[in-house]
Each structure stands twice: as C-alpha cells, then as structure tokens.
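Residue strings, one per chain:
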Amino acid sequence: MTASAETPSSGSSRSSGSLLYDPKVRSIFFQVALILAVLLFFGWIVLNTMANLRARNISSGFDFLGNTPGFQTVTTLGTYLMDVSGRAITYLDVLKVGLINTLLVAVLGIVTATILGFVIGVFRLSNNAVLYGFSTVYVELLRNTPLLLQIFFWYFAALRAPWVPDARGKVSFFWDNFHFNITGLYGPYPLPQTGFGATLWALVIGLILTFVMRWWAKKRQDATGKQFPIFWGAVGLILGLPLLVFLLTGAPLRWEAANFVQEGPVLRRGFQKGEGMLIIPELIALWLALSLYTAAFIAEIVRAGILAVNKGQTEAAHALGISQSKNLRLVVIPQALRVIIPPLTSQYLNITKNSSLAVAIAYPDFFSQVQISLNQTGRAIELIVIAMLVYLTFSLITSAIMNYVNSRMKLVER
Amino acid sequence: MTSSPHAPQSVAYVRTEDAPILPPPANTTGLYGWARRNFLDSMTDFSDVGSSVRSVLMILLTAFLLWFGISQIWGLIKFVFIDGIWSNPTGARREACLTQAQGGLLPNDQTVGACWPYVAANAKLFIYGRYPMAELWRPNLVFLLLALGLVWTLWSRMPYRKIGAALMLVVFPMVAFVLLTGADLSAPKAFWYVWPLATAILLGLGWAGGKGMGGEAVKAFSGAFWGLGLFFAYILVFALAATMNWGLNSVTTRDWGGLLVTLVVALTGITASLPLGILLALGRRSTLPAVKILSVAFIEFWRGVPLITVLFMSSVMLPLFLPPGTSFNDLLRALIGVTLFASAYMAEVVRGGLQAIPKGQTEGAQSLGLSFWETTRLIVLPQALTLVIPGIVNTFIGLFKDTTLVSIIGMFDLLGQVSSTFADSSWATPVTRPTGYLVVAAIFFVFCFLMSRYSMSMEKKLRRGHAR
Numbered sequence: 001m002t003a004s005a006e007t008p009s010s011g012s013s014r015s016s017g018s019l020l021y022d023p024k025v026r027s028i029f030f031q032v033a034l035i036l037a038v039l040l041f042f043g044w045i046v047l048n049t050m051a052n053l054r055a056r057n058i059s060s061g062f063d064f065l066g067n068t069p070g071f072q073t074v075t076t077l078g079t080y081l082m083d084v085s086g087r088a089i090t091y092l093d094v095l096k097v098g099l100i101n102t103l104l105v106a107v108l109g110i111v112t113a114t115i116l117g118f119v120i121g122v123f124r125l126s127n128n129a130v131l132y133g134f135s136t137v138y139v140e141l142l143r144n145t146p147l148l149l150q151i152f153f154w155y156f157a158a159l160r161a162p163w164v165p166d167a168r169g170k171v172s173f174f175w176d177n178f179h180f181n182i183t184g185l186y187g188p189y190p191l192p193q194t195g196f197g198a199t200l201w202a203l204v205i206g207l208i209l210t211f212v213m214r215w216w217a218k219k220r221q222d223a224t225g226k227q228f229p230i231f232w233g234a235v236g237l238i239l240g241l242p243l244l245v246f247l248l249t250g251a252p253l254r255w256e257a258a259n260f261v262q263e264g265p266v267l268r269r270g271f272q273k274g275e276g277m278l279i280i281p282e283l284i285a286l287w288l289a290l291s292l293y294t295a296a297f298i299a300e301i302v303r304a305g306i307l308a309v310n311k312g313q314t315e316a317a318h319a320l321g322i323s324q325s326k327n328l329r330l331v332v333i334p335q336a337l338r339v340i341i342p343p344l345t346s347q348y349l350n351i352t353k354n355s356s357l358a359v360a361i362a363y364p365d366f367f368s369q370v371q372i373s374l375n376q377t378g379r380a381i382e383l384i385v386i387a388m389l390v391y392l393t394f395s396l397i398t399s400a401i402m403n404y405v406n407s408r409m410k411l412v413e414r
Numbered sequence: 001m002t003s004s005p006h007a008p009q010s011v012a013y014v015r016t017e018d019a020p021i022l023p024p025p026a027n028t029t030g031l032y033g034w035a036r037r038n039f040l041d042s043m044t045d046f047s048d049v050g051s052s053v054r055s056v057l058m059i060l061l062t063a064f065l066l067w068f069g070i071s072q073i074w075g076l077i078k079f080v081f082i083d084g085i086w087s088n089p090t091g092a093r094r095e096a097c098l099t100q101a102q103g104g105l106l107p108n109d110q111t112v113g114a115c116w117p118y119v120a121a122n123a124k125l126f127i128y129g130r131y132p133m134a135e136l137w138r139p140n141l142v143f144l145l146l147a148l149g150l151v152w153t154l155w156s157r158m159p160y161r162k163i164g165a166a167l168m169l170v171v172f173p174m175v176a177f178v179l180l181t182g183a184d185l186s187a188p189k190a191f192w193y194v195w196p197l198a199t200a201i202l203l204g205l206g207w208a209g210g211k212g213m214g215g216e217a218v219k220a221f222s223g224a225f226w227g228l229g230l231f232f233a234y235i236l237v238f239a240l241a242a243t244m245n246w247g248l249n250s251v252t253t254r255d256w257g258g259l260l261v262t263l264v265v266a267l268t269g270i271t272a273s274l275p276l277g278i279l280l281a282l283g284r285r286s287t288l289p290a291v292k293i294l295s296v297a298f299i300e301f302w303r304g305v306p307l308i309t310v311l312f313m314s315s316v317m318l319p320l321f322l323p324p325g326t327s328f329n330d331l332l333r334a335l336i337g338v339t340l341f342a343s344a345y346m347a348e349v350v351r352g353g354l355q356a357i358p359k360g361q362t363e364g365a366q367s368l369g370l371s372f373w374e375t376t377r378l379i380v381l382p383q384a385l386t387l388v389i390p391g392i393v394n395t396f397i398g399l400f401k402d403t404t405l406v407s408i409i410g411m412f413d414l415l416g417q418v419s420s421t422f423a424d425s426s427w428a429t430p431v432t433r434p435t436g437y438l439v440v441a442a443i444f445f446v447f448c449f450l451m452s453r454y455s456m457s458m459e460k461k462l463r464r465g466h467a468r
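Residue numbers (the working numbering), protein chains in the order written: chain A, 1 to 414; chain B, 1 to 468.
So here's chain A without its partners, still in its complex pose (with noise of 0.2 Å):
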C-alpha cells in the first residue's frame, strides 16, 4: 500500500522483484492465501467431524425434528400460542414453544427495562441528593454483579424467601384478583366471547387514524402552525376507540378466575392447573433480573446522552420563552435520543441474548428447549447450529430496524 506512488513510474522497468512489491499483486496474494487458510481450516474441521460421528455411531441430519418428544413442556403463552395439548407435538414445536416464550421475555424484560432505566437515568441527573443517592447506589450495585447471580437470587432466595406461602398458601391483592404463592403468580384469564373481534378491529383502526391523524397534523402546522395535540389523540384513537366499541358490543369478555381449593385431600389443596391464568415463577424471576440488570446500563446510557446535549440548547429555548416541557420534549429530548439510541439498541440485543441464560433456572426460553432436545436426542451440532442461527436472525433484525431509525434520527446536515 505504501508504494503506490511510485509504483506506476517503476512498475515496467524492474523485473521479478516488481511484481513482488506491486501493491494489487500483494493484495491478492494475501487474500488468496488467507481464503485458502480458511476453506483448509474449514475442511478439516468437516472432515475430522464427519470422522468423529463415523466413529461414534452418531447420527445426523434434521429428521428427528418430526419426532416427538420423551418430556413436557411447562405451561407457558408459547405452549397456549401453539396450542399442544390436543396432538402429539413434534421436537419442532418444541423449539417453536421455546421461542414464543425467549420473545415473550424478551418483550417484557424491554419494556419494563427502557421504562425505569430511563427513570434511573434522569434520577442520576437530579440535584436532589436523595434521588441522585439512590440511583447511583442502584447502577454501581447491579452494574457491577453478575446478571446469572442476580437471576439466581430473584429465583432461589427472594421468590423462595421464608415468608412466601407454599403450594397450599396464598398471599392476595387487587382486591382478590392476584394471588402469589411459590408455585407462581396467579390473576383471572381472559375469555374472549363472540363479538369480541370487533375491539381488536377497532384497535387496529385505530392505530391506522393514528398514523394518519399524525401526517394530518403535521401537514396543518406546516401549513398554519397551528398545534393538533397528538399525544391526547392517540390515546383517544388507540386506547378510547377499542373502549368504546368494546363497551357498546356488550362487554363480550369473560374473566375466569384462579381456582383456589382449601379443603379436601391434602394433594388436591391449593391452586387447580388449567384455571386462571398462571406466570410461572421462572418467568417472573428471569423478567425481574433481566429488566433490573439492564435499566441500570440504560440509565447510564441515558444520563450521558442528556448530558451531551448543549446546554447553550436550553438557554436558547429558554430565552425564546419555550416553556420547561416543551423544552425537555422539543429540544433536549429530540438531541439525545440522536446518542441514546444506538447504545440503547445493544442494549435491546443483549436482553434478547441474555434470556438465554434461562436454562440456569428451567424458564422454557428457545435454548432451554434446544437443550433438553440436545440432552434428548443427542444431535448437537444441528441443535446448537438452528440455536445460534435463530439468535443471529434476532440480532440481525433488531439492528436493521434501529439503523432504520437511527437514519431517521440522524442529524440532517448540509
């Protein structure tokens, strides 16, 4: 590289050693010889592989995802989703099962996890010495400790602390509807009647008119500067619409409640399966330590993003009489999603990789399940290979959609 200046002067008069020094010459040289390394060192890895199943008897291909499994899969939303009790499942929809449910955590560990990491963050930013305490405390401690041990503690001592009741024991609140003993939380399970598409489809309507409200409005303050308050129209369109549909159908849902029996044989006390709606206390543990241990690195990501925006921004917004609120929404806020948001979608990531250390606790994520199956039917290297794959598309797809926004984000310059 560093001779290409004088290579075109010099290039015809010498001999062997030119070619030798020719930077194209070089460069393919090098990557010849290093796609050879590599294609060697993957053919005698199948090769040595292909030897060590001969040797071993084992056998390989993808068939056995038709079979069916020799063990139960927990009841979870991914067993409900795809429906198993009535058919023989395959190892398939085991693996099915297993995603429904890393996704389900996945979700929720997100959501809960942006919600108080950006609460945190804006604490760690207060000149309130109580607030700001607090959430430094917070950070350093579940920054700085395993997630697997904190996944530990949730499930092993604090869901099993001395105080929680046991299978026959219940502790109740919202006024009766939730119940939470050592087999898990229990709450009433949504029925849905007929009639009651018609909500969903209002849902959906509604969310369409919100789109569309919103390119209204935009165009209107465009066009007159007048102000249409989005926020209150969404909630209206999103949240009222379903309501009032769902109200003026007849209230077509019905509860149904947990089902807790007191007396009669000892074995037989206690909450009955299949009524109600149960989360498994794996579920609850993995989702406390997930959304806990990730809020603190969001709330670090979040102070330095507010940090980063000029406080030159504030005064300005100050001095042309925008109000504290707008400022935070207008100004601040717009500019510091430009840094939070690339760190956050890792953040996002390593949520959805770390559910997989639910096969420390038994939770039923994708890779418990792929590796039952692998302890099951012993094909390793198609297991691990779908799970690592499946992990790969998830992160894949997470950042093309936050490059997405990123590039929305982005800072229009000249």
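Heads up, a few of these hints could be off.
[What the hints assert, rightly or not] Partner residues are not named here, just some residues of chain A that face chain B (Cβ under 10 Å, in silico):
(1) Leu-34
(2) Val-130
(3) Phe-152
(4) Asp-176
(5) Leu-357
(6) Ser-399
These are calculated hints, taken from the structure and not from any lab test. Beta carbons are placed, not taken as given, at the ideal position from N, Cα and C, and that holds for glycine.
Please build the complex by placing chain B on the supplied structure of chain A, with the hints as guidance.
Using the frame of chain A, we list chain B on its own:
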C-alpha cells in the same frame, strides 16, 4: 461644581477603600444552603398549580426513596452484622445457624442472619475448589505474582511499566500455567524436530530479509516472517516450559474451582482477546475485500449469538472438530469459547479507537515512508488504544461477570462452586443460600467496581491530555 481647565480632572466620587466583603446570602451557606441546593430547590416551588403539584410529587418521591433505600440498607446490615452468626464455639455445622425449633443450637426467638461459619468452613472451596491442600502455595504464589504485576503495570507512578506489562503478557501466563497445572504435558516426538526447525527458518528469513539478503522475495515478506517466527518461538518456549520436569505434582483442571477458575477464565479471555481483537479491528478496516469480509463475518457472528450458545458449542462441538482420538481438556474448551466471544467485542471497541484517529496521522506516516505495519504499530495503535482504554476495561468487566456462565456447562467457577455447596446437607439451612450469594456478589462487586474506577480515572487523565 466648578472646574477650571487647568485643574487636574476631578470626578464626582472616588472610592478610596475597598467595599467591605459581605457574607454570602444566608440561604446559600451552611446546613440550610446545603439542604436548599440538594433537596429544597426541587420541592418548595408553590407559585402556581403546576409547580405545586410537581413539588408535592417530588416530596412524596423523595420520602419514598429515602424510606426504601434506608430500609434496604438497614436490612442488609442487620442480615450481615447484627443477625449474622459470627461465632461457632462448638464447631457445629448446620446446627450453628438453626434455631432449636429447627433442630439447631440457637434460641428460638433469635432471627438468624448470615451464616458465617458456613463461609468459614467452605472458604478454601470457594477460593481454590478441590485443589490439593498440600499444593495451595502454588495458586497462592500465582495470586501474589498477579497482584504484584498488576500494581506494577497499572499504577502510573511505578518505574519501567512497559517491562512490567511485557512480563505480565509474556512470562506470567507461562509461570502461572506451570505452577497451576504442574506442567504435565507431553508433546509428540515429531514436534521437537519440526517446530524448532520451522521457528529457526522463519526467524532466519525474517532476519535475512531485514538485512537485505536472500533476494527480493525474502525482503518483501520479512515483516511477515518476523511476526510468524516470533509467534512460533513463543509457542516453542511455552511447550518447553510445559513439558519440562519442574518437580511439581500435576493437578488436573478438574480439581480447580472457585475464584481460581473465575480468574483463570477471565484473565485468559482478557489477554488472548486483546491481540485477536486488534487484528480483527484492523481487518475490518482493511481495504482488502477478503480480509474485510472475513473480519466482519467473524465479529458479527460472535456478537450476534449469546455466550451460553458459544460455551455449549465449545463444550459439545469442539471435540467433534478435532481429529478422532484427540482428548480435549474441559477448561480449555471453555477458554476457547470465551476468547472467541470476547475478541469480537474487543474488536469493536478497538475499531472505535481506530476511527477516532484522524486520517492525517496515517498519511503523515506514509509520507515519511513507513510501511503499513510500521504505521499501525508506531503511529495508529498507540494513539487508538490509549483512547479506548475505558472501553477495553468495560469489556473486561463484562467478560469477568460473564465467566459465571461456565457454571452452566458444568465447570465450578466461583458461582458454580458456591452453588454446589447448597446441596451439602451438612450446611442446609434457610440462610445458607442468601449467605452464599452475598459472598459471590461481594467478591464480584469489589473486582468490577475497582476496574470501573480505574477506567474512570484513566478517562479523566486522557481527557486532560486532549483538552489543550
């Protein structure tokens, strides 16, 4: 006022002495001023409805957080110190931390806190695992050397820090390996013929090329020969050290455990991932398409998958990748997985530093006639790496915490070792688990907190260096 044009210019009023220094306003000093600055400002504005609501909310929030924080901290202090069981005069086991109603020795009305006799009885297990008692001086010596080396290289006031760093990176791994394992490796005979020969040829070619001997072909690649030759030489020295008879009993890695394994995994991951990460980062910024694509693919692949899948891959699939009949150490499998994973993250951190170096630096170096590797080694990397030291330390912290994941693939790191004692019925009490977790949390917290403070002080120093 009368003034003649000849009189010296007079002014209406000239102050001849300094105005007395007034004390600062009463509400900015003392306890009241402190409270005003730190609390009251945000919660005493009742000038209009909106501000009043905000103030009231702030008062409620502050009160709640104060109560919550103090009650949590008090709960922790109570659990650890006040209710903690510190004495165990009878040498009892679980009975020392159980009330009489639970079958133990403590009075029934006592609230039982942390069970310290359990920690004391298992301390050796937590730190060294099942490492033989008679050989404990070896890990202890390694810990001591590590501490001394870290102080030497990281403390900015120590002399010859570069030599210290070189010793820590090159010699310390060998010493630690020999001391911890007892150097029980053996290499096939062919290795002792082929490897020294290859090393000598590579180093010879590199030397000859540097001196301008051996024709154009040798000269053109002398840098590559040098690099490869040094790498081969290091492997050779390591192999010599690992196969020599030092008179030490061999200790299999299955007997390692606790903090020892955590430190071994973390430090190996850290030292191996840094050079790999630098190479990958350079590769990602390379103008050669093949190099760039391979680097990007490597980095994005390892960054896109969770560490736990990587560890499962290395524990289940790595043995399949090697020629049949090769046995593969469990710890080494985990180390490979951790290193590959960490190097991808390290590469991204280093790339951030490389991008921050202005192009003029490279161009200036090239105009002086430096080659690509000379430019990288002498101009770009020193600046880029100093810039990203905080990022590198953060990656180290993440890696250090992530070492706990090796417990999922059945290795006994600190967390795995402590968890394993929960199954020990002779210490089964309701407080055993919380006590164990507390110990693990405290150890990790101390290590990570120290690392993050070090990175912060470095950051401050670097910022000062750049703000001229």
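Tested hints:
Restraint check, Leu-34(A) versus chain B: the minimum CB separation of about 6 Å is within 10 Å; hint holds. Among the interface hints, the one on Val-130(A) holds; its C-beta lies about 5 Å from the nearest C-beta in chain B, closer than the 10 Å criterion. Hint on Phe-152(A) holds. Least Cβ distance to chain B is approximately 6 Å, under the 10 Å limit. Contact between Asp-176(A) and chain B, as hinted, is not supported at the beta carbon level, the nearest pair being about 26 Å apart and thus beyond 10 Å.
Satisfaction of the interface hint for Leu-357(A) is found here, the shortest Cβ-Cβ separation to chain B being roughly 6 Å, below the 10 Å cut-off. Residue-level restraint check for Ser-399(A) holds (minimum Cβ-Cβ distance to chain B is 9 Å; threshold 10 Å).
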